[in-house]
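Dock chain B against chain A, hints included.
Chains as they are written, first to last, in this note's numbering: chain A, 1 to 264; chain B, 1 to 91.
What the hints contain is simulated information worked out from the structure, not anything from laboratory work.
Be a bit skeptical, because a hint or two may be false.
Pulled from the structure, derived: some chain B residues nowhere near chain A, Cβ distances all over 10 Å [to be verified]:
(1) T6
(2) L11
(3) D19
(4) N22
(5) A29
(6) N40
(7) L42
(8) E65
(9) G70
Here are the simulated PhoX-like cross-link-like pairs (lysine-lysine), alpha carbons at most 25 Å apart as the crow flies [what the hints assert, rightly or not]:
(10) A/K109 - A/K209
(11) A/K190 - A/K228
(12) B/K13 - A/K205
(13) A/K44 - A/K96
(14) B/K7 - A/K209
(15) B/K7 - A/K8
(16) A/K209 - A/K170
(17) A/K96 - A/K209
(18) B/K7 - A/K192
(19) B/K13 - A/K209
(20) A/K205 - A/K170
(21) A/K192 - A/K109
(22) A/K109 - B/K7
(23) A/K205 - A/K228
(24) A/K8 - A/K44
(25) A/K28 - B/K13
Here a beta-carbon is modelled for each residue, glycine too, at the ideal position from N, C-alpha and C.
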Amino acid sequence: MLFLLPNKRGVEIPSTIMRHLAHQIDPKAVILWGDDANAENARKAIQDLDPPYIFTTGHGIPCATTLQDNQPFISLAVPEMNRAVCDRERNLDLVKGKVLHVHSCWCGKLLASVMVQRGAWAVFAHDDEFLFLLPQDGKTIDIVVASPFLAEFTVDTVMLSGHTAGEAQKARMEAFDRWISYFQEGEGSKLKSAQLIVRILMADKMISKLYGDSTATVTRERPIMEAKLSLPLTVEVTPSIPLAMIAIPLMLWWSSWHGGTPQP
Amino acid sequence: MADVLTKAEVLLKAGRVNDAINVLATDPATYNRVVQGVINALASVPGGRIADLNGNIWSTSQLIELVRQGRWTAAPPLINFLMAEVELLSR
Numbered sequence: 001m002l003f004l005l006p007n008k009r010g011v012e013i014p015s016t017i018m019r020h021l022a023h024q025i026d027p028k029a030v031i032l033w034g035d036d037a038n039a040e041n042a043r044k045a046i047q048d049l050d051p052p053y054i055f056t057t058g059h060g061i062p063c064a065t066t067l068q069d070n071q072p073f074i075s076l077a078v079p080e081m082n083r084a085v086c087d088r089e090r091n092l093d094l095v096k097g098k099v100l101h102v103h104s105c106w107c108g109k110l111l112a113s114v115m116v117q118r119g120a121w122a123v124f125a126h127d128d129e130f131l132f133l134l135p136q137d138g139k140t141i142d143i144v145v146a147s148p149f150l151a152e153f154t155v156d157t158v159m160l161s162g163h164t165a166g167e168a169q170k171a172r173m174e175a176f177d178r179w180i181s182y183f184q185e186g187e188g189s190k191l192k193s194a195q196l197i198v199r200i201l202m203a204d205k206m207i208s209k210l211y212g213d214s215t216a217t218v219t220r221e222r223p224i225m226e227a228k229l230s231l232p233l234t235v236e237v238t239p240s241i242p243l244a245m246i247a248i249p250l251m252l253w254w255s256s257w258h259g260g261t262p263q264p
Numbered sequence: 001m002a003d004v005l006t007k008a009e010v011l012l013k014a015g016r017v018n019d020a021i022n023v024l025a026t027d028p029a030t031y032n033r034v035v036q037g038v039i040n041a042l043a044s045v046p047g048g049r050i051a052d053l054n055g056n057i058w059s060t061s062q063l064i065e066l067v068r069q070g071r072w073t074a075a076p077p078l079i080n081f082l083m084a085e086v087e088l089l090s091r
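So that you can see chain A by itself, here it is in the shape it has in the complex (with noise of 0.2 Å):
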């Protein structure tokens, strides 16, 4: 199975939760990561795996999907939409006869269902904007940060166990309704940010949904793994310039303003 996990520019937590599962729900996993999540890569890991099933994230609107820095990875020609990510189809061959997990706001709205139309056998997508609270610290990943992410890939967990899309669907809709009562009812009803948490998960299940055939299945059934994640994480990212790209140009500025070392 193929994992798409770019990590800039407001993905950097999914893809960091997910780099961290994608191996315990398939061993076999391959996963592009940070730059190598660009639209290039990813259409020649498909072409050349030919996986059944592919898990990406990245940003979205209803007529397209994209990988690292903004890159459109999977697009409809509607350019009255969008000019710069949809002006042209782009890798809607690709999806025939798989199943994909297109973890990006709004493609439910629209891309999801052109992608049944071309093939795919089941697509697992938001047809609004997927909420979830940044860290306090704006790196660490905790269990308040965390759980819609839990919630939304037992998708991948029931998906990759053997099951039918019907059934992860409706897996990922009680997860997100356990997520809801521990913060609701249970241990993380004592945390400050419960209240808002249930409404972020309460929101997120409302937009999740499931495309296509429910009875598609992309593996021989096995029982469920159960994924553990150890929290908290630290958030992990690619700086988006090299920081020698900041830092020599700085030095050098510093040097002739002040013609000697940098000092305090």
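This is chain B only, laid out in the frame that chain A set:
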């Protein structure tokens, strides 16, 4: 209250946010409970930041201010929270 919430829920699911708010406003006590529920939830995380997968970020204080002004459609998460609140009160 139940009738108003049911009507609002149907309208929200149909994407008719302003109509849903108008229906809620016909029952001030219910509307007040919705507003208070969302504000209390947002206020429980002072300095909190809510994000979506597109990299958009909203501060909880900014969202509270918009709810107080009745500007539910000014920030997309508020519509989602409105739906969640209506569902919570309907239970």
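Q. Holds or violated: A/K205 with A/K228, Cα cutoff 25 Å?
A. holds, 21 Å
(Q) For B/K7 and A/K192, compute the direct alpha-carbon distance and say whether it is at most 25 Å. (A) violated, 32 Å
Q: Run the C-beta distances from B/L11 to all of chain A and say if the shortest one exceeds 10 Å.
A: Holds, since 14 Å exceeds 10 Å.
Q: Starting from B/K13, check that the Cα of A/K205 is at most 25 Å away, please.
A: With Cα atoms ~13 Å apart, B/K13 and A/K205 stay inside 25 Å; holds.
Q. Does the alpha-carbon distance linking A/K190 and A/K228 stay inside the 25 Å limit?
A. Holds, at about 23 Å.
Q. Taken at face value, is the distance from the CA of A/K96 to the CA of A/K44 at most 25 Å?
A. holds, 15 Å
Q) Is the Cβ of B/E65 farther than 10 Å from every Cβ of chain A? A) holds, 16 Å
Q | Hint consistency between B/K7 and A/K209 [alpha-carbon to alpha-carbon, up to 25 Å] | A | holds, 23 Å
Q. Is it the case that B/D19 keeps its Cβ farther than 10 Å from each residue Cβ in chain A?
A. Given a closest Cβ separation of 18 Å, the condition holds.
Q.
Please check whether the beta-carbon of B/N40 is more than 10 Å away from every beta-carbon in chain A.
A. B/N40 not clear of chain A: closest Cβ-Cβ about 6 Å, inside 10 Å.
Q | Pair hint outcome, A/K209 versus A/K170 [Cα-Cα no greater than 25 Å] | A | holds, 10 Å
Q.
According to the definition I'm using, a residue is off the interface if its beta carbon is farther than 10 Å from all beta carbons of the partner; does B/A29 meet that for chain A?
A. Given that every Cβ of chain A is farther than 10 Å from that of B/A29, nearest at about 20 Å, it holds.
Figure legend: structure checked against the earlier numbered hints; hints not met, in rising order: 6, 7, 15, 18, 21, 25.
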